[in-house]
Structures are given as C-alpha cells and as structure tokens.
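The listed protein sequences derive, respectively, from chains A and B. Note that the first sequence covers residues 1 to 229 in the numbering used here. Note that the second sequence covers residues 1001 to 1229 in the numbering used here.
If you're looking for bench data, these hints aren't it; they were derived computationally from the structure. It is possible that some hints are incorrect.
[Said to hold, decoys possible] Rough simulated footprint, nothing fancy, chain B against chain A, three-plus residues with beta-carbon under 8 Å:
id: 1; segment: 146 to 159
id: 2; segment: 219 to 229
[As the list claims (entries may be wrong)] Result set (DSS-like, lysine-lysine): computed pairs, CA atoms no more than 30 Å apart in a straight line:
id: 3; chain 1: A; residue 1: K47; chain 2: A; residue 2: K220
id: 4; chain 1: A; residue 1: K142; chain 2: B; residue 2: K1214
id: 5; chain 1: B; residue 1: K1002; chain 2: B; residue 2: K1214
id: 6; chain 1: A; residue 1: K153; chain 2: B; residue 2: K1214
id: 7; chain 1: B; residue 1: K1047; chain 2: B; residue 2: K1214
id: 8; chain 1: A; residue 1: K2; chain 2: A; residue 2: K214
id: 9; chain 1: A; residue 1: K2; chain 2: A; residue 2: K153
id: 10; chain 1: B; residue 1: K1002; chain 2: A; residue 2: K153
id: 11; chain 1: B; residue 1: K1002; chain 2: B; residue 2: K1047
All C-beta atoms in this analysis are idealised placements derived from N, C-alpha and C, irrespective of residue type, glycine included.
2 protein chains.
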Amino acid sequence: MKNAVVLLSGGLDSTTTLAIATDQGYRVHALTFQYGQRHEHEIEAAKTIAERYQVAQHHVFPIHLELFGGSALTANDIEVPKQRSDEEIGTGIPVTYVPARNTVFLSIALAMAETTPAHNIFIGVNALDYSGYPDCRPEFIKAFETTANLATKAGVEHQGPFRIHTPLIDLTKGEIIRRGLDLGVDYALTITCYAPSEEGHACGTCDACNLRLKGFSDNKIVDPAPYTT
Amino acid sequence: MKNAVVLLSGGLDSTTTLAIATDQGYRVHALTFQYGQRHEHEIEAAKTIAERYQVAQHHVFPIHLELFGGSALTANDIEVPKQRSDEEIGTGIPVTYVPARNTVFLSIALAMAETTPAHNIFIGVNALDYSGYPDCRPEFIKAFETTANLATKAGVEHQGPFRIHTPLIDLTKGEIIRRGLDLGVDYALTITCYAPSEEGHACGTCDACNLRLKGFSDNKIVDPAPYTT
C-alpha cells in the first residue's frame, strides 16, 4: 500500500482530494496548516474529517505566515471582500491571495513526505475557479515537482520519485462536488467560508461561499453545510 | 536602494552572505529560522549580527520541522557524528541533512520577500564543502527560482523578477573566510558547531567545526570564535 501526504484544510476541495487519494488505494498521511486564519473552525473540520477517513497520521502544523501580512486571509487590516460581481470573480489576483502560500505548504508537505516516507503528495488546487491565484496553475505545480526531486535525498537516490497529484485542477466546482458525492463525501463536515460566524456557520456571501453554492446548485442539490443566511 | 531578504542562521556562511549583500548595496531584511535546533546559541548569534549590520528588519521565524524528525540536527534519537575521516566527509548524504530544509526555508523567504516587497533573496549555500546535501546544488537553486517566479503575484505581474543569490556556492571555506575578512566580518560573533557547549562554545571536532577550522587554517589565521578544546 503506497503512502501519500494529503493537504487537508477542512474545506470542500481538500476533502474531495482526500477521498480521491483513498479511493486510489493510498494510505493517507494528512497535513493541516494552522497559518493565522481568522478562524479555527476549519482546523476542527480537518480533524473530524481525518478521523472519519481513519488516516494513518494527521499533523496540524503551525506556520505563522501572518507575521509577514499581505493578505485578507491572514492580516486583520485587509477586509475580506463580499458580494463581488461575477465579472470581478476570476479577474486579477484577489486580496485573499496569501503570498507564496502553496509554495510554503508544498515544501512542508515535501519535508513530511520525505520523513514518512511517501513519494506522493495530493493537493486540491483548482485552476478554473481560482484562476487569479498564480500558485494554483499547472505550470507552478510542475515546477515545484521538478524542484522537489532536485531538493531531496529521496529525489537524488531514487531518481525523481516525487509526484504532486492535483486531481481537481481542471474541474469546475460542480464537477468536484459530483466526484465527491460519487465517493460518498459528507460535505456537511466541510467548511469553505472565508468569514464564518462564531458557531462556524458559513456567511453565504463571500467569494468562496458563492463558488461553493453555485457548485451545489449546478448539481441541483442543497449544500448540507450550515449557513447563517 | 534595492531590498533583499537574507537568510541568516548566525553561522559563518550566512554572515558572510549578509556582508556581501550589504556590500552590493542591498537594504537587508534578515530572516532566521527557529527550527528545532538542539541549541539556541545560533539564534542569539543571528540577533547580534543583525544588530551589528543595522538591518532594516529581522524576523525570527518558528518552523517546527522537528515534528517530522528524520535528521540528527532536529531529532534527539540520531547522534551527531564526530570526527569522521576526510574520506567520509563529502561522500553520500550526511545524517545532519534535514529533509527538504532549503526548500522550506526558501519558500518562507519568498513569502517574506513578496510582502516586503523584495525581489532578491540571498542564501549562503555551498556546493563544495556540503556536496552531500542535494538542496545546496546550483540545479536545485535554479529550479526553485523558476518555481518562485511562477508561484507569486509579483512573479506573474512583473514577469519573473525573483532572483536567488548564492554568492558562496562555488567557494571553498577558505575562500569564503577570505572574502568575509576583506569585508570586515567579525567571525567571533558567528557560531558554526553542530553541538556547542552550554556556554555556546564550539566543540572543535564535529564536521562543521572541522570544515571551519580548516578554512581558517588555509588563511593562516586563528579562528576568533570560542572553542571548548
């Protein structure tokens, strides 16, 4: 049984990715980052999901990217945008972009993979819905994979075994949800909202909520997660 | 005046690198990692050196790579090797290799660079004395630079401005020390030893001490740093 490190945020995409890795027969080692999010609800969601899937291990790894600021998701002085128009979504790089986030996340996943050992890393990036994020593009993933195989003892000794899997990269949100439902994902456990209530209920109006709700709507089903509105 | 992020461990190589960046006219933003080293002496050394060079800012960034284990430098169950023969040094990958370390360090430096903003990152890697470390090789550095320019908002919007500077990569330890002395580096402030005493004095016998002492010997001068032996 092959080992895989799966990045698990507690959101819809990473949970679907975990389900896909499990379905493909990988023994999952989950990795969740605690990186100065404004809320801890997604970490709790990640723990619940990791338990549900009986992963081999689950690391919650603190990484204080908020020390550098620069993003609405980690800095308190940049407001998370609400109710942007369809035109605005998908144009330019959003303020919710976290500088170098996926590079940092994948490099720490690589450190975990090398010590596990695992040669497969799964990340739920998506190039369609998040077209504004440079570190969600296939060319970035490919460059990181090349770097990983040059950077490591395992890469040198086993001649480039590391593979970064991005099973969602070309899918629409609707297709991701369809795939997850086919695999029995319980989306009530997942949290996607940028700015949930104190109880962890989604706002229903931020970019992330809008994309998620549209994905469920495209499948003609109701999102089972709790919303405040 | 251009900004640069300089990785500063408090050791001989990174301090020389800081001196070179300063000499080249960069405004230095220093970054020191607290990553489960066995001792904190090098962090104190880094703080002293950053103050001496009056850097624009100095981040001491906690990164808990010891959670994953896998190296004599971060795990307590792997012994730091002592008095290896000249033949042993430079053959194979040493147990002091920390999985994916420079990938993690550079990715966090990239996050700091993007928020500073700075487009130049200096790292004191050396491909000669540390030929066993895959992430000290020029091909790794080049691959990371490519990744950095694909990963980031600044990379996309300014068409690949990030540059990873490795001014020591082709130098012997003796040449590094010569360069530093020419720039007025006070090597008494630096600490290189893998296993210093409680007072922070170098052991004089580990791989790192041996390389350093040989470098001073090649310059026919005495290392001003304190040793226990």
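Taking the hints in turn, this is what the structure says about them:
Under a criterion of three residues with beta carbons nearer than 8 Å to beta carbons of chain B, the stated coverage of the segment 146 to 159 of chain A is upheld, 10 such residues being counted. With 0 residues carrying a beta carbon less than 8 Å from a beta carbon of chain B, the segment 219 to 229 of chain A misses the three-residue requirement, and the given coverage is violated. Between the alpha carbons of K47 (chain A) and K220 (chain A) the distance comes to roughly 29 Å, so the proposed pair stays at or under 30 Å and holds. Taking the CA atoms of K142 (chain A) and K1214 (chain B), the gap is about 41 Å. The hint is violated against a cut of 30 Å.
Simply put, K1002 (chain B) and K1214 (chain B) have alpha-carbon atoms about 35 Å apart, too far for the 30 Å limit, and the pair is violated. For the hint linking K153 (chain A) to K1214 (chain B), the alpha-carbon distance of about 27 Å falls within 30 Å, and the restraint holds. For the hint pairing K1047 (chain B) with K1214 (chain B), the CA-to-CA distance comes to about 26 Å; that is within 30 Å, so the pair holds. Under the criterion of a C-alpha separation no larger than 30 Å, the hint pairing K2 (chain A) with K214 (chain A) is inconsistent with the structure, at around 35 Å.
Taking the CA atoms of K2 (chain A) and K153 (chain A), the gap is near 19 Å; set against the 30 Å cutoff, the hint holds. With a C-alpha separation of about 35 Å, the suggested pairing of K1002 (chain B) with K153 (chain A) is violated against the 30 Å cut-off. For the given pair, K1002 (chain B) sits about 22 Å from K1047 (chain B) by alpha-carbon distance, which is consistent with the 30 Å threshold.
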